[in-house]
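Taken in sequence, the protein lines are chains A and B.
Heads up: the first sequence at position 498 corresponds to 498 in the working numbering, and the numbers run straight through without jumps.
Heads up: the second sequence at position 141 corresponds to 141 in the working numbering, and the numbers run straight through without jumps.
Accuracy of the hints is not assured; some may be wrong.
With beta-carbon atoms standing in for the labels, derived distance ranges [what the hints assert, rightly or not]:
#1 A/246 - B/111: 48 to 58 Å
#2 B/140 - A/16: 50 to 60 Å
#3 A/442 - B/291: 21 to 31 Å
#4 A/20 - B/108: 17 to 27 Å
These are computed hints drawn from the structure, not numbers from a lab.
Given the structure is predicted, the values throughout are model-derived calculations rather than measurements.
Think of the CB as a built atom: it goes at the ideal place given N, C-alpha and C, for glycine as much as any other residue.
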Amino acid sequence: MAHKLLGKDFTPPDIRGKVTGKAKYAEDFRVDGMVFAKMLLSPMPHARVTSIDTSEAEAMPGVLGVLTADDVPPGQGANEVILTNTPHFIGEPILAIAAIDETTAADAIEKVKVEYEPLPYVIDPLESLYPGGPDAREGGNVANLQIPLQTVKWTARDFAEVEENQLPMSGQPVVEWSYGDLEAEFEKSAVVYDETFVTASNSHHSMEPRTAMSYWENGKCFVYGSSQSQSFFMPGLAGLIGIDSKDLVYIAEFCGGGFGSKGAPYALMALPAYMSKKIGRPVMLRVTRAEEYYLGSNRAGFQGRARIGFAKNGKVNAVDLYLVQSNGPNSGFWDFTDAPGAVSICYQPNAMRYRGLPVLTNTPPGGPQRGPGENQIACAFEPFLDRAAAELGIDRVEIRKINAPDNDSLFDGHQNPVTSAYQRECLTIGAEKFGWNEKSKRSRERKGSKVIGVGVGQAYHSAGFAGFDGLVRITPDGILHIHSGVGNLGTYSYAATARIAAEVLNYDWEHCVIERGDSRKQLPWNFMQVGSNTSFTMGRSYHAAAVDAKNKLLEIAAATHGGSPDDYELGDEVVRSKADGAAKMTYAEAAQKAIEMAGKFDGSEPPADINPMTTASTAALAGSGLIGVAKDNYEINGVPPALATGFMMIELDTETGTFEILDYAGAIDCGTVIHPMGLATQIKGGAVMGIGLASKERIVYDPQNGVAANVGFYQAKPPSYLDVPATMEWGAVDIADPQSPLGTRGMGEPVMGCAASALVCAISDALGGHYFNRTPIVADMIVNAVSGRPQSHKPLQVATF
Amino acid sequence: MSKDMMPMFELFQPTDLSGALDLVERYGADGWKVAGGQDSLDWLKDRAKRTKAVIDLTRIAEMKGIRETADGLEIGALTTLTEIEESSLIREKFALLAGAASRVASPQIRNVGTIGGNVSQDARCWYYRGGMDCYRAGGSTCYADTPQGMNREHCLFGADRCVAVSPSDTAPALVALDASMVIQNADGERVVAAEDFFIGPQVDIERMTVLQADDILTAIRIPNTWANATFYFEKVADRKTWDFALVNIAAAMRVSGGTIEDIRIVAGGVECVPRRLSVVENVVKGSAKNADTAKLAGGSASRGAIPLNYNQFKIPLLENLVMRAIRDA
Numbered sequence: 001m002a003h004k005l006l007g008k009d010f011t012p013p014d015i016r017g018k019v020t021g022k023a024k025y026a027e028d029f030r031v032d033g034m035v036f037a038k039m040l041l042s043p044m045p046h047a048r049v050t051s052i053d054t055s056e057a058e059a060m061p062g063v064l065g066v067l068t069a070d071d072v073p074p075g076q077g078a079n080e081v082i083l084t085n086t087p088h089f090i091g092e093p094i095l096a097i098a099a100i101d102e103t104t105a106a107d108a109i110e111k112v113k114v115e116y117e118p119l120p121y122v123i124d125p126l127e128s129l130y131p132g133g134p135d136a137r138e139g140g141n142v143a144n145l146q147i148p149l150q151t152v153k154w155t156a157r158d159f160a161e162v163e164e165n166q167l168p169m170s171g172q173p174v175v176e177w178s179y180g181d182l183e184a185e186f187e188k189s190a191v192v193y194d195e196t197f198v199t200a201s202n203s204h205h206s207m208e209p210r211t212a213m214s215y216w217e218n219g220k221c222f223v224y225g226s227s228q229s230q231s232f233f234m235p236g237l238a239g240l241i242g243i244d245s246k247d248l249v250y251i252a253e254f255c256g257g258g259f260g261s262k263g264a265p266y267a268l269m270a271l272p273a274y275m276s277k278k279i280g281r282p283v284m285l286r287v288t289r290a291e292e293y294y295l296g297s298n299r300a301g302f303q304g305r306a307r308i309g310f311a312k313n314g315k316v317n318a319v320d321l322y323l324v325q326s327n328g329p330n331s332g333f334w335d336f337t338d339a340p341g342a343v344s345i346c347y348q349p350n351a352m353r354y355r356g357l358p359v360l361t362n363t364p365p366g367g368p369q370r371g372p373g374e375n376q377i378a379c380a381f382e383p384f385l386d387r388a389a390a391e392l393g394i395d396r397v398e399i400r401k402i403n404a405p406d407n408d409s410l411f412d413g414h415q416n417p418v419t420s421a422y423q424r425e426c427l428t429i430g431a432e433k434f435g436w437n438e439k440s441k442r443s444r445e446r447k448g449s450k451v452i453g454v455g456v457g458q459a460y461h462s463a464g465f466a467g468f469d470g471l472v473r474i475t476p477d478g479i480l481h482i483h484s485g486v487g488n489l490g491t492y493s494y495a496a497t498a499r500i501a502a503e504v505l506n507y508d509w510e511h512c513v514i515e516r517g518d519s520r521k522q523l524p525w526n527f528m529q530v531g532s533n534t535s536f537t538m539g540r541s542y543h544a545a546a547v548d549a550k551n552k553l554l555e556i557a558a559a560t561h562g563g564s565p566d567d568y569e570l571g572d573e574v575v576r577s578k579a580d581g582a583a584k585m586t587y588a589e590a591a592q593k594a595i596e597m598a599g600k601f602d603g604s605e606p607p608a609d610i611n612p613m614t615t616a617s618t619a620a621l622a623g624s625g626l627i628g629v630a631k632d633n634y635e636i637n638g639v640p641p642a643l644a645t646g647f648m649m650i651e652l653d654t655e656t657g658t659f660e661i662l663d664y665a666g667a668i669d670c671g672t673v674i675h676p677m678g679l680a681t682q683i684k685g686g687a688v689m690g691i692g693l694a695s696k697e698r699i700v701y702d703p704q705n706g707v708a709a710n711v712g713f714y715q716a717k718p719p720s721y722l723d724v725p726a727t728m729e730w731g732a733v734d735i736a737d738p739q740s741p742l743g744t745r746g747m748g749e750p751v752m753g754c755a756a757s758a759l760v761c762a763i764s765d766a767l768g769g770h771y772f773n774r775t776p777i778v779a780d781m782i783v784n785a786v787s788g789r790p791q792s793h794k795p796l797q798v799a800t801f
Numbered sequence: 001m002s003k004d005m006m007p008m009f010e011l012f013q014p015t016d017l018s019g020a021l022d023l024v025e026r027y028g029a030d031g032w033k034v035a036g037g038q039d040s041l042d043w044l045k046d047r048a049k050r051t052k053a054v055i056d057l058t059r060i061a062e063m064k065g066i067r068e069t070a071d072g073l074e075i076g077a078l079t080t081l082t083e084i085e086e087s088s089l090i091r092e093k094f095a096l097l098a099g100a101a102s103r104v105a106s107p108q109i110r111n112v113g114t115i116g117g118n119v120s121q122d123a124r125c126w127y128y129r130g131g132m133d134c135y136r137a138g139g140s141t142c143y144a145d146t147p148q149g150m151n152r153e154h155c156l157f158g159a160d161r162c163v164a165v166s167p168s169d170t171a172p173a174l175v176a177l178d179a180s181m182v183i184q185n186a187d188g189e190r191v192v193a194a195e196d197f198f199i200g201p202q203v204d205i206e207r208m209t210v211l212q213a214d215d216i217l218t219a220i221r222i223p224n225t226w227a228n229a230t231f232y233f234e235k236v237a238d239r240k241t242w243d244f245a246l247v248n249i250a251a252a253m254r255v256s257g258g259t260i261e262d263i264r265i266v267a268g269g270v271e272c273v274p275r276r277l278s279v280v281e282n283v284v285k286g287s288a289k290n291a292d293t294a295k296l297a298g299g300s301a302s303r304g305a306i307p308l309n310y311n312q313f314k315i316p317l318l319e320n321l322v323m324r325a326i327r328d329a
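Please model the entire structure based on the sequences and the hints provided.
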C-alpha cells in the first residue's frame with residue numbers, strides 16, 4: 001500500500017532546538033526563588049547510619065534546609081528509596097542540603113558528620129549464594145521486580161560437584177521453566193557444548209544526568225525532569241512524591257539519553273519535591289557525572305552456563321540454560337527472565353530448560369538497559385552457532401536461517417505465538433547489504449600481525465503492547481494537534497508514529513502539531529517509551545484516534561450536506577461527497593461544526609473505555625475543535641517481535657590486541673518502515689552501543705573495599721567516534737505486521753545486540769576460533785590469548801578488569 | 001568519593017614569568033599551578049585535592065611557542081599539544097614528538113593541554129584519583145597493590161609502595177630524544193635531563209617529577225643529536241582516542257647500512273617513570289635491523305618485570321611493541 005507519509009523521511013520537530021541549543025533540558029529551567037540541593041552519598045557499600053550531625057552545616061550562611069531519610073517515605077522490600085539510613089551501595093544518597101547556591105550546598109555537605117556501622121557486603125553473587133555467605137541486604141539476598149526479597153543459599157555440595165570454574169546447575173533457582181524432552185533431544189544431538197560464561201554489568205552513563213527541579217504552586221507539584229516517558233511516568237512519580245497524579249504537573253520535553261534507565265519513574269526525581277515542600281522554595285538538583293554513575297543504574301551482569309545440542313543438519317535440538325544475575329541491591333530488572341526468552345525465539349530449540357535467579361549485590365542498582373537480558377545473552381549464544389557451523393560444515397548465516405523463527409514460531413516457557421516474524425528474510429537482507437558471500441571468504445586472511453575476522457550476530461526484543469489511548473484534535477484553523485503522552489527518549493519515534501494519525505486523516509504534515517512534553521498540554525494515557533514498543537503501541541493508539549476523527553469528519557459532513565457518512569470521503573484536508581464534488585467542507589470548517597454539534601464531536605462526551613487521564617485531557621480540550629479519541633481495542637494475539645541481524649568485518653592486530661572495524665551492516669525485521677532515516681540512525685547507533693557492550697564497557701569493583709573503578713566517562717569507555725566504522729550499511733525486511741493497523745512494530749533494542757554479538761563472533765573468527773566466554777572482550781584479554789597466557793580474571797569472576 | 005563541585009579558591013593570572021615566580025614563592029605548597037587544566041581541574045572538581053590559590057600560567061607569553069636554537073629546539077612549556085602536533089619544525093626534525101603529541105587524549109584536550117602539563121601530570125591510578133588515602137596521597141597503604149586490587153593499568157617495574165605508572169605519551173618521546181627540562185624558581189634557572197626529571201616512589205612517593213612547589217617548568221629543549229633519526233612511536237589504549245596508554249613505546253635510532261648504530265628506546269605505562277629500556281638498547285646496538293633482532297629485543301624488554309594480578313598482559317604487549325619498534329621503524 002502506498003502511503004503519503006509513512007516510509008518517507010522528514011525532520012522531526014524537536015531537531016531544530018537540539019541543533020541550535022534552544023532545547024531546554026531539566027537543568028536549563030530557572031524559576032523565581034530557585035535554590036540548589038546537593039547530596040551526601042554513602043562512602044560505604046553496606047552500612048547503617050548511626051548518627052547524623054548537621055548543626056555545623058545548618059549554621060552556614062546561605063544554607064536553607066536539610067532533608068534526610070526521616071523526611072521521605074521508608075523503603076519497602078528491595079525497592080529503591082529517595083534517601084536512606086541503610087545504604088546498600090557506595091553512592092546511595094543519605095541526605096541532601098539546600099542552599100542559595102550550589103557551591104554553598106556542596107561546602108555544607110562537607111560539614112555534615114555521619115557515623116556509620118559497616119555491614120557485610122558482596123560484589124560476587126556466588127559468594128552470596130554460598131552457605132553462610134554475605135547478603136547485600138539485611139532482609140535477604142534475592143529480589144527482583146515481582147520477586148519479593150528473600151534468602152536463597154545453595155549447598156556446599158552444589159559448588160563442590162562441578163569442576164572448578166564451572167557454574168553449578170544444581171543450586172536452587174527462583175525462576176524455572178521448560179518445554180520438550182530435554183535429555184532425549186541432547187541424546188540425539190550430533191554436537192553438544194557446555195560452557196560457563198560471564199557477561200559484565202555496564203553503566204548506562206546517559207549523557208544528560210537525571211537532574212530534576214521542582215516546586216509547589218496552588219496545591220500542585222511541578223516537576224521538570226529527565227525521562228524517556230511522559231503519561232505512564234506520572235502516577236508512579238506522583239506516588240513517590242505522595243500526591244495524586246492529577247496534582248502533578250510534569251514537564252519533560254527533551255531527554256538526553258536514558259537507554260532504559262529513565263523509562264519508569266525513579267526515586268531521585270522526587271527528592272527536589274520533598275526538599276521544596278520542606279523549605280518553601282523551588283529546588284534544583286543538578287546531578288553530576290559521578291552521581292549519574294552511582295544513581296543512573298546499570299545493566300545486570302550474568303554468570304551463566306549453557307548446554308546446547310545441535311543436530312547434524314545444524315538444527316538446535318536442546319538448550320539447558322542457567323543464569324545468575326548480578327542484580328545490584330534493589331529490585332533491579334528482569335534481564336534474567338528476558339534472556340532465556342530471546343534464546344528460545346532466536347534458536348527455536350525443540351526442547352529447552354531455563355533456571356535462574358537474581359542475586360543482590362552492593363553495586364549500583366540494576367536497571368533495564370537497551371535489550372536487557374537479550375543483548376547480553378546474544379553475546380554468549382551466537383558463538384555457539386559459529387562453533388557448530390564449523391564442526392558440522394555449514395555456512396554461518398545458513399545455520400542461523402535453519403534455526404530462525406517465522407510466523408508460526410512459538411517461544412519461551414509459555415510457548416507464546418508471535419504476531420509475525422521474518423528473521424530468515426532479515427538474515428538474507430543483512431547478508432546482501434554486507435556482502436557476506438565475498439567477505440566471509442576473507443575470514444582469517446593474514447597480513448603481518450593483522451588478521452581479518454568476520455562475524456554475524458542476531459538479537460531479539462519484544463516490540464509492542466496494546467490497549468492505550470489515542471487523542472487527536474482538529475482546531476477551527478484546520479491544524480491537526482496530535483497529543484502524545486509517550487515521551488521523547490531521543491529516537492524521534494514519538495514523531496514518526498504521530499504521522500500515522502496524519503496518514504489516516506490524509507493530512508499535509510506541515511499542518512500537524514505534536515502536543516507533548518508537558519502534562520498541561522492535555523495528553524492521553526500512553527505507555528512508557530521503553531522496550532522497543534512505540535512503533536507498535538503508539539501506531540495502534542494513533543490509528544484508533546485518527547479513525548475516530550475520520551468517522552466524525554464523515555458524520556459531520558453528512559449532517560451538514562445530507563446523506564450518510566458512507567457517502568463521503570477524505571480528500572486533501574477536505575471531507576467531500578463521493579458523488580457530488582460541490583458537497584464538501586474543509587477540516588477547518590468541520591472542526592468549527594464539531595464545536596457547534598458538541599457531544600462526542602468536540603470531546604464533551606468522551607468514550608467510556610478510555611483511561612481517566614485521557615478522559616481528563618479530553619474534558620479539558622472539549623469545545624476547542626473536533627476531537628478524535630479512542631482506546632486501542634484492536635485484537636492482539638501474540639508477542640510482536642523485533643528481530644535484528646548484524647554483520648561485521650574487523651582487522652585484528654594480534655600483537656596489540658586492538659582491532660579496526662572495517663565494515664558493518666545491520667538489518668531489522670520491524671514490520672512496515674515508518675521513517676527510514678530514523679530507522680537507519682537506530683541501526684547504526686545501536687551498533688555503536690553494541691560495540692561498547694562487546695568490547696569496552698563494564699563496571700569494575702575492588703572487592704576488598706567495594707569501590708568502583710569506572711566512575712568517570714573516560715574510565716567507562718563508551719566507544720569513541722574513532723572506534724566505530726565511519727559508514728555503516730542497513731536494511732529492513734519491511735513486511736507489514738498483521739496486528740498493527742499500518743504494519744509497524746518496534747526495533748530499538750536488538751539492533752544493539754546483533755552488532756555486539758557480531759563483533760564477539762568476528763573477534764573469535766580472527767583468533768581462529770578462540771572463544772572467551774566473556775564480554776566485554778578487551779585488548780588485554782586478546783593479548784593474553786594470543787601469547788598463550790591465562791587470563792588475569794577467573795572464568796566466573798565478575799566486576800573485574 | 002568524587003564531589004564533582006569545584007570549591008572556592010583565589011585565582012591569580014600573572015602575565016609574566018617573574019610575576020608567576022613571585023606567586024609560587026609566596027604560596028608555596030598552598031599554591032596550585034595550572035596550564036591547560038586537564039589534570040588540575042579533575043582534582044579540584046572532585047575535591048580530592050585542594051588549594052588556597054590557583055596560579056594560572058596561560059597568560060605568560062614568554063612560555064609559549066617553538067623556537068630554533070643553535071643546537072636544537074626550545075619548546076615553551078605552555079605550547080599546546082596541538083601546536084606541537086602541527087609544528088612543521090617539530091614534524092621535520094622530531095617527528096617522534098609530533099607523533100606522540102598527536103596520540104594524547106582527544107583533539108579537544110590537545111587544544112588546551114600543554115606539553116608542560118602533559119609531562120608534569122599526576123598519576124592516573126584510579127584509587128589515588130578517587131581520593132583514597134593511599135601512600136601517594138599521604139596515607140599509609142596502597143590499595144592497588146593488594147591481592148584483590150584492580151591493577152590492570154599499573155606497573156611492571158619499580159614498584160615501591162606505589163604501583164602507579166607514568167601516564168604521559170610525550171614523556172617517553174622526550175626521554176628518547178634526550179630532551180632537557182628548563183626549570184625556574186626564585187633562585188634562578190636549572191636544566192634537568194628529561195630522564196632525570198621524572199622520579200619514582202623510591203625518590204618521593206608524593207611527586208612524579210623533580211618539580212617543587214616553587215618551581216615552574218618553563219621550557220623543554222631538544223638537542224639536534226637525534227634530529228631526523230629513524231623514529232617509532234606507538235600507543236596501545238582501549239580506545240583510539242581519549243584513553244591513557246596501556247603501554248606506549250618511543251624509539252629513536254640511527255640506522256646505517258641496515259645496522260642499528262645507536263638507539264634510545266623508552267616505554268610508558270609500565271613504571272612510575274618513562275622506562276628507558278637500556279637492556280634493549282644494549283641488545284640491538286650494532287645488530288642488523290631485522291625481524292630476528294626485533295624478536296630478540298622484544299624478549300629482552302620485559303626482563304625484570306614483576307606483574308601484578310591484572311596486568312600480566314603488559315609483558316607480551318611491551319615485548320610486542322619493542323619488537324615492532326625495531327622491526328617496523
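These are the hints, each one checked on the structure:
1. A/246 - B/111: 48 to 58 Å: 52 Å, holds
2. B/140 - A/16: 50 to 60 Å: 57 Å, holds
3. A/442 - B/291: 21 to 31 Å: Taking Cβ atoms as reference, residue 442 of chain A and residue 291 of chain B lie about 25 Å apart, which means the hint holds.
4. A/20 - B/108: 17 to 27 Å: Distance hint for residue 20 of chain A, residue 108 of chain B holds at roughly 21 Å.
The structure shown violates none of the earlier numbered hints.
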